[in-house]
Amino acid sequence: MNCSKCSKKSITFIRYNGRYLCREHFIEFVEKRVKREIRKQGLPKGKIAVALSGGKDSLVACYLIWKVTRDDRNRSVLAITVDEGINGYREKTVKIARDFCNEYGIPHHIISFKREIGLTLDEMSKVRGNLAECTYCGVFRRYCLNIVANEINASAIAMGHNLDDVSQTILMNFVRGDIERMARMAPHKKIQPGLIPRILPLRSIPEKETTLYAYVNGFEISENECPYAIRAMRGIYRDFLIQLEEKHPGSRHSILKSFFEIEECLHNKFSPAILNPCKKCGQPSSEKICMACQLLEKIKGEISF
Amino acid sequence: MKVEVEMRGELKEIEMNDNFTGEDLLEKLNLSPDAVIIIVDGVPVPYKERINSDRIKIIQVASGG
Chain A
1 MNCSKCSKKS
11 ITFIRYNGRY
21 LCREHFIEFV
31 EKRVKREIRK
41 QGLPKGKIAV
51 ALSGGKDSLV
61 ACYLIWKVTR
71 DDRNRSVLAI
81 TVDEGINGYR
91 EKTVKIARDF
101 CNEYGIPHHI
111 ISFKREIGLT
121 LDEMSKVRGN
131 LAECTYCGVF
141 RRYCLNIVAN
151 EINASAIAMG
161 HNLDDVSQTI
171 LMNFVRGDIE
181 RMARMAPHKK
191 IQPGLIPRIL
201 PLRSIPEKET
211 TLYAYVNGFE
221 ISENECPYAI
231 RAMRGIYRDF
241 LIQLEEKHPG
251 SRHSILKSFF
261 EIEECLHNKF
271 SPAILNPCKK
281 CGQPSSEKIC
291 MACQLLEKIK
301 GEISF
Chain B
1 MKVEVEMRGE
11 LKEIEMNDNF
21 TGEDLLEKLN
31 LSPDAVIIIV
41 DGVPVPYKER
51 INSDRIKIIQ
61 VASGG
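Chains as they are written, first to last, in this note's numbering: chain A, 1 to 305; chain B, 1 to 65.
Hints listed in this document are in silico derivations from the structure and should not be mistaken for laboratory results.
Hints may contain errors.
To be verified - Derived pair list, reagent style PhoX-like, types lysine-lysine, alpha-carbon separation capped at 20 Å:
#1 K5/A - K48/B
#2 K9/A - K57/B
#3 K9/A - K48/B
#4 K28/B - K247/A
#5 K126/A - K114/A
#6 K48/B - K8/A
#7 K189/A - K47/A
#8 K48/B - K247/A
If we strip away everything but chain A, and leave its shape as in the complex, we get (with noise of 0.2 Å):
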């Protein structure tokens, strides 16, 4: 089939709209939805921080920054990767993260749990009690890249988030009742002391897309799955969404709609957290102690037995 647009041959069908793309014009409609993203999120002046963990979200989200503050005097662009020690998994996306930097002259800062937390997330895993590595990885990770994010002055961070990883998230908190995370989701219109807000620039395109996007550009895409995925609650919103869009296309833009048009009432009646240096780390916290030094608390414990 051809373009929908033009003569040349379509490289995607795009289901949820019907139209055949060609590579020209497939590059065209990711990148005018990202710029109107930015927009209407925000891009504040000063560093913007990408958090480039090495997968395909994370390359095409920092190239696009990259592209859209290449001739802006008041933006820069700088990536952190952080390594949380996944043996035979994070070393071949921390290299693409490097390579892909050095190419394209971008700041790039690597943090590990290792050397930040003192364990890696294997080590972790050992002692992780209850709780999946997902959460250990969730809440030290967030602690590493706004460490970093401070420390460099950065003024947001990027994150690589797609369509379906937001449709999924506002899926579960549904699910799970927890309305009240939900009113708490980034992107963040307030900005809190200490807490570097975070933008999602991807958040309107699905993953399907992203990864398109990020092949025909010559990213190197990893297919590897990370070996703690399988306990992760996420992956049955994955399955399940994924079968409702085959049914339903467009069910993921609208679950993303629907929380548009919920969102202002959510910031109405959960006003933001209000956030004091955890006594600590010192990084803000809605509680005394702050979430990553609770785990490290609890990981310490399991270690001395």
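Fit chain B to the known structure of chain A by using the hints.
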């Protein structure tokens, strides 16, 4: 016809009818069109399209990490 499919670095040989489409292939492999990209000779192809090759690469888009 015999078709060789590469997925996550592994090769799989499957039997397809002549004039098969990407959709037929995904159905056979029990994959959703939103979860994969079909590559023929290094070029992505719409899943609705007829595939004129016996060597296909499938990229799974959900990496779970």
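The hints, checked one at a time:
1. Restraint check for K5/A and K48/B: the C-alpha separation of about 18 Å stays at or below 20 Å, so the hint holds.
2. The hinted pair formed by K9/A and K57/B meets the criterion: a straight-line CA distance of about 19 Å does not exceed 20 Å.
3. Only pairs whose Cα atoms come within 20 Å are accepted, and K9/A paired with K48/B is accepted, the gap being roughly 13 Å.
4. Taking the CA atoms of K28/B and K247/A, the gap is about 17 Å. The hint holds against a cut of 20 Å.
5. At roughly 15 Å between alpha-carbon atoms, K126/A and K114/A fall within 20 Å of each other, so this suggested pair holds.
6. Straight-line distance between C-alpha atoms of K48/B and K8/A comes to about 16 Å, which keeps the hinted pair within the 20 Å bound.
7. Straight-line distance between C-alpha atoms of K189/A and K47/A comes to about 17 Å, which keeps the hinted pair within the 20 Å bound.
8. A threshold of 20 Å between alpha carbons decides the hint, and for K48/B with K247/A the separation of about 16 Å falls inside it, so the pair holds.
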